[in-house]
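Participant: In case you want the letters, here they are:
Protein chains: 4
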Amino acid sequence: MKEIKIGVIGSGSTYNPELIEGLLKRREELPVAEIALMDINPERLEITGALAERMVKKAGVNTRVIKTLDRKVAMDGADFVITQIRVGLMEGRARDERIPLEFGVIGQETTGPGGFSMALRTIPVMLEIGREMEKLSPNGWMINFTNPSGLVTEALNHHTKMRMIGLCNSPITLQNRLATLFNISKDRIWMDYFGLNHLSFISKVFLDGDDVTAEVIKRISEGDARELPGYPFNPTVLKALGMIPNGYLQFFYHRDKLLEKLMSSPGRAETVMKIDGELLELYKDPNLNEKPKILEQRGGAWYSDAACALISAMVNDKKEVHIVNVKNQGAIGGLGAEDVVEVPALIKRSGAYPVVMGEMPLSVRALIQTVKTYELLTVKAAVEGSRDAAILALVNHPLVPSVDIAEQLFNRILEENREWLPQFK
Amino acid sequence: MKEIKIGVIGSGSTYNPELIEGLLKRREELPVAEIALMDINPERLEITGALAERMVKKAGVNTRVIKTLDRKVAMDGADFVITQIRVGLMEGRARDERIPLEFGVIGQETTGPGGFSMALRTIPVMLEIGREMEKLSPNGWMINFTNPSGLVTEALNHHTKMRMIGLCNSPITLQNRLATLFNISKDRIWMDYFGLNHLSFISKVFLDGDDVTAEVIKRISEGDARELPGYPFNPTVLKALGMIPNGYLQFFYHRDKLLEKLMSSPGRAETVMKIDGELLELYKDPNLNEKPKILEQRGGAWYSDAACALISAMVNDKKEVHIVNVKNQGAIGGLGAEDVVEVPALIKRSGAYPVVMGEMPLSVRALIQTVKTYELLTVKAAVEGSRDAAILALVNHPLVPSVDIAEQLFNRILEENREWLPQFK
Amino acid sequence: MKEIKIGVIGSGSTYNPELIEGLLKRREELPVAEIALMDINPERLEITGALAERMVKKAGVNTRVIKTLDRKVAMDGADFVITQIRVGLMEGRARDERIPLEFGVIGQETTGPGGFSMALRTIPVMLEIGREMEKLSPNGWMINFTNPSGLVTEALNHHTKMRMIGLCNSPITLQNRLATLFNISKDRIWMDYFGLNHLSFISKVFLDGDDVTAEVIKRISEGDARELPGYPFNPTVLKALGMIPNGYLQFFYHRDKLLEKLMSSPGRAETVMKIDGELLELYKDPNLNEKPKILEQRGGAWYSDAACALISAMVNDKKEVHIVNVKNQGAIGGLGAEDVVEVPALIKRSGAYPVVMGEMPLSVRALIQTVKTYELLTVKAAVEGSRDAAILALVNHPLVPSVDIAEQLFNRILEENREWLPQFK
Amino acid sequence: MKEIKIGVIGSGSTYNPELIEGLLKRREELPVAEIALMDINPERLEITGALAERMVKKAGVNTRVIKTLDRKVAMDGADFVITQIRVGLMEGRARDERIPLEFGVIGQETTGPGGFSMALRTIPVMLEIGREMEKLSPNGWMINFTNPSGLVTEALNHHTKMRMIGLCNSPITLQNRLATLFNISKDRIWMDYFGLNHLSFISKVFLDGDDVTAEVIKRISEGDARELPGYPFNPTVLKALGMIPNGYLQFFYHRDKLLEKLMSSPGRAETVMKIDGELLELYKDPNLNEKPKILEQRGGAWYSDAACALISAMVNDKKEVHIVNVKNQGAIGGLGAEDVVEVPALIKRSGAYPVVMGEMPLSVRALIQTVKTYELLTVKAAVEGSRDAAILALVNHPLVPSVDIAEQLFNRILEENREWLPQFK
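Chains as they are written, first to last, in the working numbering: chain A, 1 to 425; chain B, 1 to 425; chain C, 1 to 425; chain D, 1 to 425.
Any given hint could be a false lead.
Stated by the list, open to error - Label-pair distances were calculated between CB atoms; the ranges are:
#, chain 1, residue 1, chain 2, residue 2, range
1, C, ALA337, D, PRO235, 33 to 39 Å
2, A, GLU296, B, LYS218, 57 to 63 Å
3, A, ALA337, C, GLY60, 51 to 57 Å
4, B, GLY223, D, GLU290, 33 to 39 Å
5, B, GLU28, D, ILE184, 48 to 54 Å
6, B, ASP211, A, PRO235, 50 to 56 Å
7, D, GLN408, C, GLU338, 56 to 62 Å
8, B, GLY223, D, ILE184, 38 to 44 Å
9, B, LYS239, A, GLU43, 45 to 51 Å
To be verified - Cut-off 27 Å, straight-line C-alpha distance, at most; resulting in silico cross-link-like pairs (DSSO-like, lysine-lysine):
#, chain 1, residue 1, chain 2, residue 2
10, C, LYS239, D, LYS380
11, C, LYS204, A, LYS204
12, D, LYS319, B, LYS319
13, D, LYS25, B, LYS318
14, D, LYS318, B, LYS319
15, D, LYS425, C, LYS218
16, D, LYS25, B, LYS161
17, B, LYS348, D, LYS204
18, A, LYS239, C, LYS161
19, C, LYS204, A, LYS319
20, D, LYS318, D, LYS186
21, A, LYS380, D, LYS425
22, A, LYS204, C, LYS161
For the record, the hints were derived by calculation from the structure and aren't laboratory data.
Everything numeric in this text was worked out from a predicted model, so none of it was measured.
Backbone N, C-alpha and C fix where the C-beta goes; we use that ideal spot for every residue, glycine too.
Isolated chain A (complex conformation) (with noise of 0.2 Å):
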């Protein structure tokens, strides 16, 4: 069995225990030669390296645990390159909350305009990165867990020739929580799923193979959705629809509640950066040798399980079906081919390959277009510095109420990431 190489780039991050857990416990499956973590913050790498390394040497693997300031020994040669990166750090995304709040408008730092002043400042460095793995490890795989991950999905997949998968933790969450509510396990659920990363349906749930679907909305209807992520949602709509959709939907369907409720509570950001603070005094601990329970509550459990079992998939050949980010290529209709969509795919050692999910139903349809298309106009203003397409982009947002919002919008985002946006000239 081969031993593989993974990069991990913005391994400072505070999840980073998570993925070295989930590593260590696929161990057999999954041999580890090399793993790379690689931070521009000294600091946070020295201290969540460290805690890598004690972490492995608990467990007794001969994973060697290289801990660099240089993206580039990272990428070179890795199998695997983990993408998991914030430009402009918390701090960025507390700005991107907060802005669009300013003009009465849901900030959502991944598919609201929060996120569009995210993906505009990240994108170009993302780009960067793929053109540097086109070269250092033409044959490995990038597994994007970086936000607004859609569109830098998106955006990858169209200016770079890498070989890439975009992964979240919602359908993996998703499946969990169906599970709960049945109090069964995970792999006796199977979703049909369709949409884009954020903004996307399960149109079927199965159990053990039989359909469910009208059980989970009756049931979700009835209130007993605590296990479901960013629920409730409108009953009559939801029996309506006929489909579960992912709790950040709220945002487009409940935006009056939504924006309510963030007008008079601090933003997310904040506390964020409270528990992220934290967590890195924790992981300071040179005791500590395990990742620490308190790491659930940061909100992104799952997303080292979620890319541990897709990186042992493709290793091992297993064909099984994880949900991803990938070209559409026709599994689901209404989209275009090229488009990247979040849907169900067989996993190889060759790629993903979706499976088909067929015609979107004509109820959420334009919702899920437009939204595309949004994400599009974003890839365009931050690949070329577009004013244009930037403001096009807005203007086409769900969120965004007027074009006059948007141009203001835009202006201010500008003005307030002016050294994060030198594309912009």
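With chain A fixed as given, assemble chains B, C and D onto it according to the hints.
Facilitator: Only chains B, C and D this time, still in chain A's reference frame:
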């Protein structure tokens, strides 16, 4: 030269004299043997019919004028049937415009939720008419003016086998106003034009074959658009689009301003009802034998001219280009082959052949796809009496801000239009 | 574990012991409560049925074996109905292969004009069966073996509401032979595969996840393809294609050689009839209680294995990939969403989900589109009894060299199959 | 009125007097300041140029006639560049028609394998011309007559940024002959028309706006088609199609008869060369100052008329419909948006807007898709010098009966055209 029969369903409209004038003006190229006027209101039928008789007499032509309360008489053997009905009358329109405002939503009687309400009332009646026409005039053409024109034409194209063309005065008005902007005759203006009724864009304007689009946008942006209906628009966005939006796009692009305006000023329905009453009084004058000038204030200028020009182009197999509402069939990339669109078409005796306008620009594609989706769901709701489809239609409408409001709005519309909406059990 | 009922329509086939063997082999994972054998020929039913009973008895399982002349009994409440009928019997096949040769045209009983003739006879009967099954087994699945399988599956998918999967032994045979070529077990081979039944291409072969397509093509070109059915092919063209054609492609790519061969040697129908008779004799032996080895010469090896594996994958919701004939739905770019194709699909209890194979290469796209067109016209002809559609089907068939021959060929087929083709008035 | 410059590449053609006559006939609506005649053969240039000068002089117009051996002079600043070259001269055509016959395959110099051979020689030269024109006449239009016209237009549309329209005399000839059939003027005939150059169908014929398609098919079937080029066709198939095929379809529909005929009679190239020589002799006469009648026997009647009418429609922004070869853009359903097709188009100063012809009928769709595929592969072969693409092009050609012959045929074509095909290393 074969003489034709024209049937008019809803001839009690105060627009009727304009139609009669349009026909008389073209008497040489378009000889009319019989014009059968039908209305459900005997008084309006008599008033407008008598004026039509006086106009015909003054012109000295041989056209037989029939006044009838039975629409079958009007359709029987007609070469063209002009439909211009208003189910629920002007009072219905007033409700259509008012109810959404209660929820802080623009009503707008054609392209907004007001049009949705109107469509639910109107489509079942128009389908009955269409099915009668299939039998009574299998080789005739319906020319539809009935609003909301896009939705009505969509419904009839999919649920009857009749031959029909939907017509609106928007395109001809835009062409006339562009001509005025350049102080030239309208025949020297050509518009590359695509979209849906009241949701269209002029992608290019040509003057004597030369592209003057940039010049038009510049003049509009400099405030020189007094002549264009529904203007102004945000100049930055206009320039980024590089196209000229139909004035009705204001409801989408500047919904905040428009909503504010509609909140504070009485709806247009009241104004129109007032003018309408005054016109009817005027028409009673037994000495009046021509179209009164004041009719042009009514807002529907060039409607009849568009209709008469279209009918003459068909009768005379002119192969002229008119902008009409017909099935797309590939003319506009990004919309379905069966979707009804508003597009330039070559007019022959045998029908309207759309002229290819190409792929929709990314900047406006999603909006047009969204409104078409809303239209398809609305037609489904109107035809099947499906509450689910009705609510999902509003969920998809860009002017409806949340699914809760979609549900409440539909319930209110249903409540206030109970007698007109028997299809919803 | 729920026990299932399987119905077999056309169980008098000498293949039947293979099916029984396949089921018995899987008794642990696939418990069969009842297998209902039906045939229109009482003698064949009795012979094959008695052998089935002996085999079941020997295996010591509880399966009830029913022998019936009434297909409704076989279908009633069945979880799976296997259809393997031959309208017009083997004599019909002999005619199908002979008549085209009179015109210097290859017959070929599935993908050639012989298959056309067979389809005209078979489709109306299969539609009757399908419509009965809609009622008798609304939740059951038809697994169709009836040839011409592509045409029959196309017809039933469009003209019944039944759930069905078309199955052929071609893909599994190719996979087995590729495994033999590398001297490995078949599970280590994966084929990227697309096309129609008997008109398919392996676009990529993987061995343990590694792409070995070029190696396979090289070995085939060097004559090392004894193992692959229907080979050899022109090596220059094979290399230019970069794909491995199904052996049946020989009829199109090497029609001159094949025609010469068929002209000089007796048709396959005669050979098959001879073996068939011998097998039936053998089956009569009351001491025979297992599948005789000689059956494998019959040409349909792996048929039953494919069927039993498929049924087990469905019953057990295995999410395995099988290559089956189902609606395209976007899996293969360049064919319609509704077109039945042969494609890898994920098999669940709830059905077969095609796996995306992407856009067809330009090099073979037109041939596949042409044969699909021929199929659609043939189905139309068979269902409507349309002579025009029948002649146009043959006009479009790549093996028919001129429209005059298309017309004459159809007339001869009709003349010689008069009693079987009542739909052509 | 702006006077225009016309460049003619390949003006040594004996068609040239027809072009000059066409321009002179339209002098009022189409004032030509300069016509620049270019040919690589000085003698032919001089003969045809001198005749052009005498014709211009006789007409008494101010047009400057330039004779040049340098094509850049002809293109520089031209408003229209007419290309009518023949790479390899008439001797090349003779080879193109002869080589396939050696393999029992119809040659046919445009739509058959003869056209394939011609395309390999011609496309590289036409691409050079196209790229020069991009610079020398960036706002001008190329009107291409160079055969094989479909393939050349396809190549130039995809590999240059030039504006161009491909023109053929087939459509105008069909229209003229249909007019003759009814003994009326051609303006009263309209054809619904779709397909590729020399592979097109008239789906409907209208006389004064009335559908006379059935009448035309009936008269053709009764043998009354002396007037239509390339007829007769099998009447049963004609009736089943319900359309009128372009005469060139005979090569596909009646390949057996055509092959027999071509096998026994000398190729058309010899005949044409003979007439060509006679014409040139005639043109030398210093007293000849008009187009000689005998030119009409040359076979290309109405070519120049089509070109001059098209140029005038553009210059005068006439919005007339002409049948031309341009990008499909959705006009014909079943072909790609970028595929060059032959279709009615509205002609404006700014270009040709295809008129929607709708979905292709199933009966002919596959043939047209197949030939388009062959064209795309041929263009690829010609541009890239790819032997694989060349062989696959022939493998896809409906007239090539096997892949072995495809390979051998390409090798022979390459061998006999060595000096003209430097792109194949």
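Participant: Against this structure, judge whether each hint is valid.
Facilitator: Structure-based check of each hint:
1. C:ALA337 / D:PRO235: 33 to 39 Å: Given range 33 to 39 Å: holds, Cβ gap about 36 Å.
2. A:GLU296 / B:LYS218: 57 to 63 Å: 58 Å, holds
3. A:ALA337 / C:GLY60: 51 to 57 Å: Given about 54 Å between the Cβ atoms, the range holds.
4. B:GLY223 / D:GLU290: 33 to 39 Å: 60 Å, violated
5. B:GLU28 / D:ILE184: 48 to 54 Å: For GLU28 (chain B) and ILE184 (chain D) the Cβ distance comes to about 24 Å; the hint is violated.
6. B:ASP211 / A:PRO235: 50 to 56 Å: Hint holds: Cβ distance 53 Å, inside 50 to 56 Å.
7. D:GLN408 / C:GLU338: 56 to 62 Å: 40 Å, violated
8. B:GLY223 / D:ILE184: 38 to 44 Å: Because 55 Å falls outside the window, the suggested range is violated.
9. B:LYS239 / A:GLU43: 45 to 51 Å: 47 Å, holds
10. C:LYS239 / D:LYS380: Given that 27 Å is the threshold and the Cα spacing comes to 17 Å, the pair holds.
11. C:LYS204 / A:LYS204: Not satisfied, since the Cα-Cα distance of roughly 32 Å exceeds 27 Å.
12. D:LYS319 / B:LYS319: Measuring from Cα to Cα gives roughly 9 Å; hence the hint holds.
13. D:LYS25 / B:LYS318: Holds. LYS25 (chain D) to LYS318 (chain B) sits at ~25 Å (cutoff 27 Å).
14. D:LYS318 / B:LYS319: Answer holds: LYS318 (chain D) to LYS319 (chain B) is near 12 Å, not above 27 Å.
15. D:LYS425 / C:LYS218: At roughly 23 Å apart (the allowed maximum being 27 Å), LYS218 (chain C) and LYS425 (chain D) satisfy the hint.
16. D:LYS25 / B:LYS161: 48 Å, violated
17. B:LYS348 / D:LYS204: Cα-Cα ~13 Å, so holds.
18. A:LYS239 / C:LYS161: Holds, at roughly 25 Å.
19. C:LYS204 / A:LYS319: Distance ~16 Å between LYS204 (chain C) and LYS319 (chain A) Cα, so the pair holds.
20. D:LYS318 / D:LYS186: Holds: LYS318 (chain D) and LYS186 (chain D) sit about 18 Å apart, inside 27 Å.
21. A:LYS380 / D:LYS425: 40 Å, violated
22. A:LYS204 / C:LYS161: 20 Å, holds
Consistency note: the structure conflicts with the earlier hints numbered 4, 5, 7, 8, 11, 16, 21.
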